[in-house]
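J.: Chain by chain, the residues run as shown.
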Amino acid sequence: MLKFTAEHEWLKLDGDVAAVGITQHAADQLGDLVFVELPEIGTELAKGDNAATVESVKAASDVYAPLDGEVTEVNQALVDDPSLVNSDPQGAWFFKLKLKNRADADNLLDEAAYQDLIG
Amino acid sequence: MNHQSALRRTPLYPLHVQLNGKLVPFAGYEMPVQYPLGVLKEHLHTRAGAGLFDVSHMGQVIVKAKSGVYADAALALEALVPIDILGLKAGRQRYGFFTNDEGGILDDLMITNRGDHLLVVVNAACKEVDLAYMQAQLTHCDVTLLEEQALIALQGPCAEAVLATLWDGASAMTFMDVRDADLCGAPCVVSRSGYSGEDGFEISVPAAKAEEVAQALLDHPECEAIGLGARDSLRLEAGLCLYGSDIDQSTTPVEASIEWAIQKSRRTGGAREGGFPGAQRILSELSNGASRRRVGLKPEGKAPVRAHAQLFADAEGQRLIGEVTSGGFGPSAEGPVAMGYLPAEHAVPGTQVFAEVRGKYLPMTVSSMPFITPTYKR
Chain R
1 MLKFTAEHEW LKLDGDVAAV GITQHAADQL GDLVFVELPE IGTELAKGDN AATVESVKAA
61 SDVYAPLDGE VTEVNQALVD DPSLVNSDPQ GAWFFKLKLK NRADADNLLD EAAYQDLIG
Chain S
1 MNHQSALRRT PLYPLHVQLN GKLVPFAGYE MPVQYPLGVL KEHLHTRAGA GLFDVSHMGQ
61 VIVKAKSGVY ADAALALEAL VPIDILGLKA GRQRYGFFTN DEGGILDDLM ITNRGDHLLV
121 VVNAACKEVD LAYMQAQLTH CDVTLLEEQA LIALQGPCAE AVLATLWDGA SAMTFMDVRD
181 ADLCGAPCVV SRSGYSGEDG FEISVPAAKA EEVAQALLDH PECEAIGLGA RDSLRLEAGL
241 CLYGSDIDQS TTPVEASIEW AIQKSRRTGG AREGGFPGAQ RILSELSNGA SRRRVGLKPE
301 GKAPVRAHAQ LFADAEGQRL IGEVTSGGFG PSAEGPVAMG YLPAEHAVPG TQVFAEVRGK
361 YLPMTVSSMP FITPTYKR
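Just so you know, the protein sequences line up as chains R and S, in that order.
The numbering of the first sequence is UniProt numbering, which starts it at 1 and goes up by one.
The numbering of the second sequence is UniProt numbering, which starts it at 1 and goes up by one.
I should point out that these hints are in silico values taken from the structure, not numbers from a laboratory.
Among these hints, one or two may not hold up.
[What the hints assert, rightly or not] DSS-like, lysine-lysine: derived pairs with alpha carbons at most 27 Å apart:
| id | chain 1 | residue 1 | chain 2 | residue 2 |
| --- | --- | --- | --- | --- |
| 1 | S | Lys377 | S | Lys89 |
| 2 | S | Lys41 | S | Lys377 |
| 3 | S | Lys89 | R | Lys96 |
| 4 | R | Lys98 | R | Lys12 |
| 5 | R | Lys96 | S | Lys302 |
| 6 | S | Lys377 | S | Lys360 |
| 7 | S | Lys89 | S | Lys264 |
| 8 | S | Lys298 | S | Lys360 |
| 9 | S | Lys360 | R | Lys47 |
[What the hints assert, rightly or not] Pulled from the structure, derived: some chain S residues nowhere near chain R, Cβ distances all over 10 Å:
| id | residue |
| --- | --- |
| 10 | Ile62 |
| 11 | Gly115 |
| 12 | Leu183 |
| 13 | Trp260 |
| 14 | Pro336 |
| 15 | Ser368 |
Don't be surprised by glycine CBs; every beta carbon is placed ideally from N, CA and C.
Let's have the full structure, built from the sequences with the hints guiding it.
T.: Below, the structure written as structure tokens:
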């Protein structure tokens, strides 16, 4: 199941684990990424916490935790080659989050609602 | 967005819109921060081909002595800047700065000897203040802001070839030469200079012909429109100061490591020693050194360290010693680069310092600048 947030992140749910990335819209707005910093495995995150950092030539931006949970995996490939985010934002997951409450994900945006949001 | 209505537009505004530039407010103007190519590729293109920048927001000012004699205008302006302007030959340009009584920098500028007058180019954000200052101080000169004149920078290894398609005089010029040129039937003033670390030209063109000249240059396959985002990353790699970030009223030329711009004739023992605002402090620092210096800084890791990051002597963030004034990712340096101020004892290439970034203390090495090899045609 695919869910979205108003902060332009996507979540791909597999049971109670969500892979988290940024949307095409976010990647387009940020421009070519030159640096990605990921959370440490085992980090407990609350919804809205800074989970990761992405940087373009011009500026640094935060990637937020979309829900409460614990980081179980990170995608080191993005650290080694940040351009992967621009070439395939929907495929470039940043980290996997074991959700504290799986049911919270039901309240996030579905794809149609997210498309409406960005116009 | 009512405040947007107060923003000014340059003569190239329609071209920016036509090229899908992303327009942002900058120094009171609506300016393109990037085009669809994006900051990273625009930066790299400028170092590989040629980039065209609209810098029409900058102030172009004519300073002409009422006597009509160049030396009178030169000596008058020398009272405001620690630069040898009397010794500047006709058709040549020099970098300089207005200083204040404390030796701080009011603005940095380019100064050209145009034969019987001076052409001065100042920063957009300072131009009204600079104009009023010069008009008040240079009482024996006419000081005129050129309102109907655009300014186009053409930068990169292909800049000469691009300009040569419109004018046969480009190749005969060397770095800091300034010549009259007829481009597309418009009387222009061309200098071989820029703000990217690359060879290139800056072209002063009548507003009514600016779009035609810009379009003619862009018609060359190697020439792309470049926004302010890449202009900033290019100048950062080149180690060039941005007024308001790296230099301001609180930094002296020696602290800012731009004392190379002060010629011998204005230094202690020179023919026209001193005689500019803040001379006492600046001449003293030229002889004895400044207590702090602007230096290049290379992060040892991959994380960019940006402006205002605090610099510490130790990895625990106990001893604050300075601040980053410009920093980011250098596409051509292929890594993060920065500049900032450090106490003289730390301002030695190879010294390790630590920058606070998101609660961590990241090691950086004091490095010589520029971070790239400039290709100025000397």
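J.: Evaluate each hint against the coordinates.
T.: Going through the hints against the structure:
With a C-alpha separation of about 18 Å, the suggested pair lysine 377(S) and lysine 89(S) falls inside the 27 Å cut-off, and the hint holds. For the hint linking lysine 41(S) to lysine 377(S), the alpha-carbon distance of about 24 Å falls within 27 Å, and the restraint holds. For a cut-off of 27 Å, the pair hint linking lysine 89(S) to lysine 96(R) is broken: about 66 Å separates their Cα positions. Between the alpha carbons of lysine 98(R) and lysine 12(R) the distance comes to roughly 12 Å, so the proposed pair stays at or under 27 Å and holds.
Only pairs whose Cα atoms come within 27 Å are accepted, and lysine 96(R) paired with lysine 302(S) is accepted, the gap being roughly 23 Å. For the proposed pair lysine 377(S) and lysine 360(S), the alpha carbon gap of about 42 Å is over 27 Å, so the pair is violated. For the given pair, lysine 89(S) sits about 16 Å from lysine 264(S) by alpha-carbon distance, which is consistent with the 27 Å threshold. Proposed proximity of lysine 298(S) and lysine 360(S) is supported: the alpha carbons are some 16 Å apart, at most 27 Å.
A threshold of 27 Å between alpha carbons decides the hint, and for lysine 360(S) with lysine 47(R) the separation of about 22 Å falls inside it, so the pair holds. With a cut of 10 Å on Cβ distances, isoleucine 62(S) stays outside the contact zone with chain R, its closest approach being about 35 Å. No beta-carbon of chain R is positioned within 10 Å of the beta-carbon of glycine 115(S); the least distance is around 41 Å. No beta-carbon of chain R comes within 10 Å of the beta-carbon of leucine 183(S); the shortest separation is about 31 Å.
Every Cβ of chain R is farther than 10 Å from the Cβ of tryptophan 260(S); the closest lies at roughly 28 Å, confirming the non-interface assignment. Taking the minimum C-beta to C-beta distance to chain R, about 8 Å, the non-interface status of proline 336(S) is violated against the 10 Å cut. Distance check on serine 368(S): its Cβ is at least 22 Å (rounded) from any Cβ of chain R, clearing the 10 Å threshold; non-interface status holds.
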